[in-house]
Structure formats: structure tokens, C-alpha cells
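Asker: Work from the hints to combine the two standalone chains into their complex.
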Amino acid sequence: MIRLAFRNLFQNKIRLVISVGGVALALLLILSLDAIFTGVERQVTAYIEHSGADVWVSQADVRNMHMASSSLPDSITRKVKYVPGVASVIPIHYLTNNVVAGDERNLAYIIGLPENAEFGGPWVISSGQNLPGDKGVILNRNIAEKSGIALGDEVEILGDEFKVTGFSEGTASLVNSVAFISMDDFEEMRGSYDTVSFLLVKVSDGESPEVVAARIETQVRDVTAQTRTDFATQERQVIKDMSTDLITIMNLIGFLIGLAVMALTVYTSTLSRRREYGMLKALGARNTDLYLTVLAQAILSVVLGFLFGLVITLLLTVVIPVFGSNLLLEVSSTSLLKVGSVSLVIAALSAMLPIRQIAGLDPVMVFRGR
Amino acid sequence: MTIIPQVQGETLQIAHITKRYGSGATEVTAVHDVSLTVSPGEVVLIMGPSGSGKTTLLSMLGALLKPTEGAIQLNGTTISALAENRLPDIRLKQFGFIFQDFNLLSALTALGNVAIVAELAGSKPGVARRKAASILTELGLGERLNFLPEKLSGGEKQRVAIARALVNDPALILADEPTANLDSKIGHEIMRLLRNIAKKQGRSVVIVSHDQRIKDIADRVLWLEDGEFKETVTMAVEREF
Ligand SMILES: Nc1ncnc2c1ncn2[C@@H]1O[C@H](COP(=O)(O)OP(=O)(O)O)[C@@H](O)[C@H]1O
Ligand SMILES: [Mg+2]
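Protein chains in written order, with our numbering: chain A, 1 to 370; chain B, 1 to 241.
Bound conformation, chain B alone (with noise of 0.2 Å):
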């Protein structure tokens, strides 16, 4: 195991990460040596062709995978060397995941959607709920609250995911290929709305994405190839959108 110094105020470290699938003649290396940090609010953008490990080193991230040489740690804790019974819990509360396909409940309304999360949590259901609504009214969708899934745009969907996101707090949003199933209009405001929300609460954003177009939101953009990180781009400019 790899220790890393505590740095102050950084949200998220990894340090020379690798992780190989199968053993043997089959064995695969889909992320090989990674090092990484990420400050609070900043929005790190990760892009790359297919099969380069984005998902891999996502997973990794989001504590679902254990790498297997390497260290991640989140605000002082080492996550990657926690028991896996711990991990559930590190990802309901850390983290927020935002999926391609939305992943939302099928049965459950928009507000459903997002205070069940909360409720795993252990939020009162009344409570999750008042913060599933308030966050979903941030979001714009205070018109949508008691719509199903079904009902809603892909704008709307991702929306609704990304109030899901964020109802528990987390220190870290992990997205991936978030634009993938949106059109280029809508997927730029609504990584732009994410991008607003995370700077104004200071919580770091983590995109896995192969979409140039949102390469703006990013402040940093690094390219994966091969399992490695081959250069970095520094959005240096603040914008504002």
C-alpha cells in the first residue's frame, strides 16, 4: 500500500493506480500507473478513446473497483484500502454518480428518485423529501416533481440525476459520458448547470467523456490512452458562465 501525505484541502488523491483484469496469458492492464489530485470545486474532465480505461479508473474513483497496485483517498481517508462492507456507505455519502443512461427508478417520480437516496442515507422520509424538492426546484424542475421518468426529456432525466447527485452532500461527482444520450445543446447547459452548482458548493466534479464540446466547462482536461495519462490540459482561465 502506497502512503500518501495528507495534503490539506484536497479533495481527492490517487497515487500511481493500476489495475489488471484476468492473470496470465489474458491478463489486461487497463489502467497502469495513474496519478491524480483533485481540489474542492474544481471540475476535472478525463477524455479518451474507447477501451483507454476511463471507466476503469471512474470506477476505481467511485470506490465500486479496488485498483490493484495504488492508493485513493478521500478528504484523509484511504478508501482503497477499506473493507468492502465500508464502501456502500462511502459512496452514499461521499460521492454522486451521474450514469450515460440516467439510471433512473422507473417506478418512482422525480422526486421519489432523489429522496430514496437520501433516505438510504438515513434521512427521515419527510426530510428527504423536502431536500429532494428543494434540490430538484434548484435544478428547474419544480414543475416536475410527481412526473415518472417516462414523462420527462433526457435534459429533464439528467437533471433529476443530478439532483440525485447531490442530495446526500458529497464531497465528489463522478459522471460518466453524462452528454452521451443528449443532444449537444442540452448536454452543454446541463454540464454547464452542473459546473455552477459544484463551484458554488464547492464539491469537485470528476467527467469521463469522449464529447469535446464540454471541454469548456472543464478546468482541467487530462487525456487517457492506453491506461495512461499522455498530457494535461490547464484550463487556466476562471470563465464565467
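Just chain A, same shape as in the assembly (with noise of 0.2 Å):
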């Protein structure tokens, strides 16, 4: 029955381009913005995976770094220090403003270094220094590359003049960037020497980042301490919250096309068959054969269309970066078992109205007419 399935289903190429490409563009609507959401976690994240910490830490109760803003005493990084098991500590300044460049304007996340900073700076430069320097500043590349900016150019941020001395990679998301500058021109220009925003810690050899925070949590008052990994999950969560409801509608109308689509397709397939249904019924064949056969026919195309949808994210994830672009595509795990589970009920759903016909077929009509 399943060679039937597939036969019938391989016999109108017409009707199996339309349920396969619906199917695949509903789905692919629902795995691309899984995907576009899940790079911008990715990017979201990525100077808190590459920071070289072990541990945040920062003012109580804020537990993320872009949506919320964190303000700690100068004096606590002497007193994290004494914790034990804390190796280093490294405080950075942290705010959100333009970097501007003549008439371009980019978005940054802008991280105040201490100088000589082992850790919390670009992780990968590709060309200029590593640190900023004095009245530096390192920008992205593929920013930069965008806005004409060259190394040596000057750019302006919150009014005050910057040398641009390094190029990163990695640190530009779809909105915005990364740049580094000293702790020192942060301070001058905020105004803000007796405060930093976070402190960086690194743990001592065979430490393990959950017990060091808890400890800091405790020896320290008002502060929150985290492991990167909760912290960056923490950061994942304040994007999960914005795109929760575009993702669900988004969601929803894939699912509703392509179950609009499969529906009827197999419907309009199984009522082009049906004397050859009921046929079946008379030599013997019983129902349960038959609803399996648009069952497994049902869910043979969605199969194609997922595969056919997922081959192109993929494609996808490959070739936008490619005409340079700072949209990062991901496809998730989760998502990969959301959609496969979408598409399943799309194929049952779509085989129901079809195995009611089907029921209500009187084999006799084989011996009647047309």
C-alpha cells in the first residue's frame, strides 16, 4: 500500500509540485525566522561567550547586559578579588550609543577597557591593535568597510573624537556593533570614575564557575554574580521575549498555508481517485489500508516539502553572508524538531477530511456507473 502511497502521489506532477513547494514555503517561513532569530541570539551573545569570563558579575538583580543598566561601586572589584577561587578581575564600562562617521551613523555597544586588559577585549583583529589605546577606538571591520572608514580615520561617539586603531570581526550583529575604547576616555567622557558597569572574572585552575559565583554572591554585598553560560542565556532570553509574538504569529501562518495547501491536495487526491477507492473496498481492501494509503501519501509529501524547506534555509545560511551581509541565519535543533513536529500534524490533518470520504464509500458502487 505504501508503493501505492507513493505511485499515486508520483502520478500527478502538477498536483506534487504545489503540495511539496506549499509546503516547503510554509515551512521554510517558519525555519528561516527560527533561523534569523537564533543567528541574533548568536550575535547578541557573542562578546559575552568571547568576554574570556568565567563569571559576571553586576549591580543585584540585573541579570542581562543589553536591556538593563548596571552601575557597581569601584571599590567592589577589590573586594571580588579576595573571593576565593577568583583569579582575575577585569571591570568594564558599558553603554549603547552611535558611533558616527560624516554622515554615517552605526549603532555600538560601547565597552570601556582597562588598559592592558588580558581579557574582556576583540577577540579576533584584523588589522591595527588589540587594545584601543588612548583617544582610540577599535571598530568592526565590516562595519567600517560599509561607512569608508579607514584605520587612522577619526569618529565621533557621545562628542568626543576617536583615532580608529583596530578592526574585530565578529563583534557586528543585523543592529549594531561592538567597540572598544579605554576606561579611561569612557570615564572622561560620562563623566563616571567611581563606577563601573560590570566585572569580568576569570576562576583559579580546577574552579568551578557556579560555585565561585555563588560564593561572590554571598561574601559580596549587592551584587548578582553568574556564569557566562547563564548569563549569556539570560541575554538569549530578553530576544526570546521580543520575538516571542512575531514568532508565534509567523509560526502560525506557516502552518496554516501549508496545512491549507496539503489539505487540498489530498484532498482533491483522494476524490480524483475515489472509484479507485472504492474499487479497493469491493475486492476487499479494508478501510484501515485505505486511510493509510492517503496517510503515508500525506506525509511523504510533507516530508519533500520539509527536506525541500530545510535544504533552502540552508542555502540561505550560506549565501547571505556571502553579499555581505550582517544577518546571521541558525538553524536550531529546536527549531528542526518544531517544524518536523508542525509538519506531521499538518500531514495527519490534512489526510482527515480525505479518510472520511473515504469511510463513507459504499464498495458497490464499482458495479454502477460512473
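Hints in this document: simulated from the structure, not taken from any laboratory. It is possible that some hints are incorrect.
Which residues of chain B face chain A? A few of them, derived with a C-beta cut under 7 Å, are [stated by the list, open to error]: (1) 28; (2) 36; (3) 59; (4) 91; (5) 103; (6) 152; (7) 176.
A few chain B positions that, by computed beta-carbon distances, are all more than 12 Å from chain A [what the hints assert, rightly or not]: (8) 40; (9) 70; (10) 113; (11) 127; (12) 168.
If you anchor each label on the Cβ, the simulated ranges turn out as follows [said to hold, decoys possible]: (13) 353/A x 202/B: 38 to 48 Å; (14) 6/A x 180/B: 25 to 35 Å; (15) 315/A x 180/B: 51 to 61 Å; (16) 143/B x 268/A: 26 to 36 Å; (17) 150/B x 338/A: 40 to 50 Å.
This one's a predicted model, so the numbers in the text were calculated from it and none came from an experiment. Just so you know, even glycine gets a beta-carbon here, dropped at the ideal spot from N, CA and C.
Answerer: Below is the structure:
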């Protein structure tokens, strides 16, 4: 009967193209949107993941970086340093602002780094210095290239002039990038001499970040300490919270398009074979045999649609960066699992009406005229 | 329910069956008090004008329709008394059906059309395909195994249908106007083929038709009119074809 399902499916090429193409398009909608947001999550957490810190210390109850403001007194750095298990501490400043070059304005996460910071700075440098230096700034290479900025050029941040001293890689996202300046410049610009935003903590060899983070929270007042993994998860959660509604709506649209296309094609396919199914019933096929045929046909075309949609999405993940876009698409296993389940639900639902139709067929019809 | 005494060696026995459609003012008696016994290997032709009840009778013989009254027995089993859900299996394994318009599955090859029916009856795909290939070859379609129905002539299609009717070793083959869509020479040839196989394998055949030209392949011709048998013509001579 599976052979029959297969042959039935491939007999009408136009119907096959419509159903597989329709499902592929519908699933592509879901898959690519998921991929875009997974990519955004990766981009937004890029600095956290590459900071080199095992533990992030922030103002009490500040659990993410970009959607909150953290301010810690200067003196905390010393206190955290004395917590057992802490190997080194680097304080950083952080704010979101524009990097202005002529008419070009690029939104950036601006990080203020201490002189000679061992970690917390750019992790891949394509040219120039790996630390900003006095009145210097390290920009993302892609963004800089697009705005026509070269090494040694002047840019403006919060009204102050900075000289571009280096270009970094992997620091840009769809909407912004990371720019590094020195802590002194940051403080002068902001007038914030006795506070920092976060502390980046490296733990000693053999210590677990969880344990050290918990220790910091009990020994130092008014701070929140999270492992790098937890902090990144919180950061991704911000994106998730913002994108949930949009994703839900688009998923629903994709699901409905896929269902409509499938329901229509499976229904017309079954309708056009009414007589064949009636004949099989007359010969002695049980209803369940025929239900399985219809279901197998639906599942087959949905699986083809799924594979097709997935291939296109994967192609997009490869092709889009080639065109120099900062859009990063990443297909996650969660998304695959979700779209896989959605596909099966579509197949099952689209087979329901035709199955009812077959159940109602009277096999005596084979002896009667059409 | 009419109790039929078991007669050894009789394939099909129908006793006093009546079929009425509808009720009250719109009631139609399509078949009225018909009795018939078909022996193994016997070829029976039922003829009659349109509307005489041929299709209704054949549908009841094939366990597709329950008689309003009377009993139908096949090899000792009273199929007219069986529960609805037992009937598909009986049809699959005890009956072979041949239709006026062939009714092949358009997406499957000749081989696939025959094999699928064996598979439905429980054969493994490989076994089913071997069985189908051998019957089709026996029917002269060895060169057409992988042809789709659309690539076959009418006569070839009906031979595929015969192969399909034979694949599960049925006791009884039922054919409804099997030559209606064939030219007379081919139609006659195919009916002769069916007769020969039935004789060789000891299967009973009931054909419903108004094609006068196939009378000579039947052992017995029954004339149905207004739902009743009017005369019985017995072709007593056993001819060689
Ligand atoms: N499903 C049905 N409902 C009501 N009347 C029917 C039905 N099927 C057949 N009939 C009637 O029963 C009679 C016999 O029909 P049928 O068995 O088709 O005869 P034939 O096959 O000899 O032409 C006709 O009068 C026909 O109108
Ligand atoms: Mg008829």
C-alpha cells in the first residue's frame, strides 16, 4: 500500500509540485524566521561568550547586559578579587550609543576597557591594535568598511573624537556592533569616575564557575554573579521575549498555509481516485488499508516539503553572509524539532477529511456507472 | 434466515434470495426469490435486459450487498449471515472480481495492480510480485508487466483484471459485463481464456452480461427478467476450445 501511496503521489506531477512546493514555502517561513532569531541571539551574546570571563558580576538583580543598566561602585573590584577561587577581575564600562563618521551613524555597544586588559577585549583582530589605547577605538571591520572608515580615521562617540586604531571580526550583528575604547576615555566622556558597569571574573584552575559565582554573591553585598553560560542564557531570553509574539504569528501563518495547501491537494487527490478506492474496497481492502495509503501520501509529500524547505534555509544561511550582510541565520535543533512536529500535524490533519470520505464510500459503486 | 443443507462439492448456493430497495410507496423489488447453485469449475452466464436486477444479484453474490431475504452460501459458509466486518476478508480471499471498465489503479503497473491485491490478502511484497508476474505471464502479458494501464489495450487491461481476480486463489469469479468495453473478437477471446483457466483450476465463474456472442463459453445460461429467472438454457455439450 505504501507503494500505491508513492505512485499516487508521483502520478500527478503538477499536484505534487503544488503540495511539496507549498509545504516547503510554508515551512521555510517558519524555519528561516527561527534561524534569523537564533542568529540574532548568537550575535547578541557574542561579546559575552568571547569575553573570556567565567563569571559576570553585575549590580544586584541585573541579569542581562543589553536591556538593563548595571552600575557597581569602584571598590567592589577589590572585594571580588579577595573571594576565594577568583583568579583575576577586569572591570568594564558599557553603554549603547552611536559611532558617527561623517553622515554615517552606526549603533554600537561601547565597551570601556582598562589599560592592558588581559581579557574582555576584541577576540579577533583583522588589522591594527588589539587594545584601543588612548583616545583610540576598535571598530567592527564590516561596519567600518561599509561606512568607508579606514584605520587612522576619526569617528565621534558621544561628542568626543576617537581615532580608529584597530578592526575586529565577529563583533557585528544585524542591528549593531561592538566598539572598544579605553576605560579612562569612557570615564572622562561620561563623568563616571567611581563606578563601573560589570566585573569580568576568571576563576582559578580547578574551580567551578557556579561555585565561585555563588561564593561572590554571599561574600559581596549588592551584586549578582552569574556564570558566563547563565548570563548568555539570560541575554538570549531577552531576544526570545521580544520575538515570541512575532514568531508565534509567523509560525501560525506558516502552519495555516501549509495546512491549506496540503488539505486541498490531499483532498483533490483522494477525490479524483474515489472510484479506485471504492474498487479496492469491493475487492476486499479494509478501510484501514486505505486510510494508511492516504496518510502515507500526505506524510510523504510533507516530508519532501520539509526537506526542500530545510535545504533552502541552509542555502540561505550560506548565501546571505556571502553578500556581506550582517544577517546571521542559524538553524537550531529546537527549531528543526518544532518544524518537524508541525509538518506531521499538517500531514495528519490534511488526511482527515479524505479519510472520512473514503470511510463513506460504498463498494457497491464499482458495479454502477460513474 | 433460510437454512441450506450442506451439499458436498457445491461452490455457491443461493436459496430464495430477494432484494428490495427503499420502502413503502417507493419500494422496488430488484431481485425476487431467486435460487441458484454453481458447481466448482462451472461457468454460468446470467443475461437479461437492463434493469432486470443483474447487477443487484451479482453484488449480493459478491458479498457487497445483503439480501433482504434468503441465504447465500459459499463453500459451506453462510456469507449472507456474516457480520459486515467479516465480508472484506471473504471478498479478498474467496472472490475474484472482473468489471466492465477494468477498474485498474492508474498509478500502478500491470504487475503492481495484481500484486497489491495479493499483498492486501497478506502476501509479502516479494511473494506477491512473483505470484503476480507468473499469472500475468500465463495470461500472455509477460512483456507488459511494467506497463501502466494507460499504455495497455482494452484486451490487455481486461487480462490484467483477470490476473488480479485470480491472484488470491478464489473459489468464485464474478464478472459484470466483462466484454462491454471490448470489440467482439477480443471480448470473445478473453472470455474463452477465462473459461479455460476456470476449467483448468476448478474455479466457478458467474458472468453477468447482455452480450449474446459469449453465450457459447458458458456451461449454463440463465435469463433474468424483472428480478426473476425466466428460463434456463443448459449448454449440455462440453466443447473443447
Ligand atoms: N441502490 C438502489 N436503490 C434503489 N433502486 C435500485 C438501486 N439499485 C438498483 N435499483 C433498481 O433495481 C432494479 C434492478 O437494477 P440493476 O440490478 O441495476 O439491474 P441491471 O443491472 O440488470 O440493469 C432497477 O429497477 C433499478 O432501478
Ligand atoms: Mg447492471
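Asker: Please write out, lowest number first, the hints stated earlier that are contradicted by the structure.
Answerer: 1, 2, 6, 10, 12
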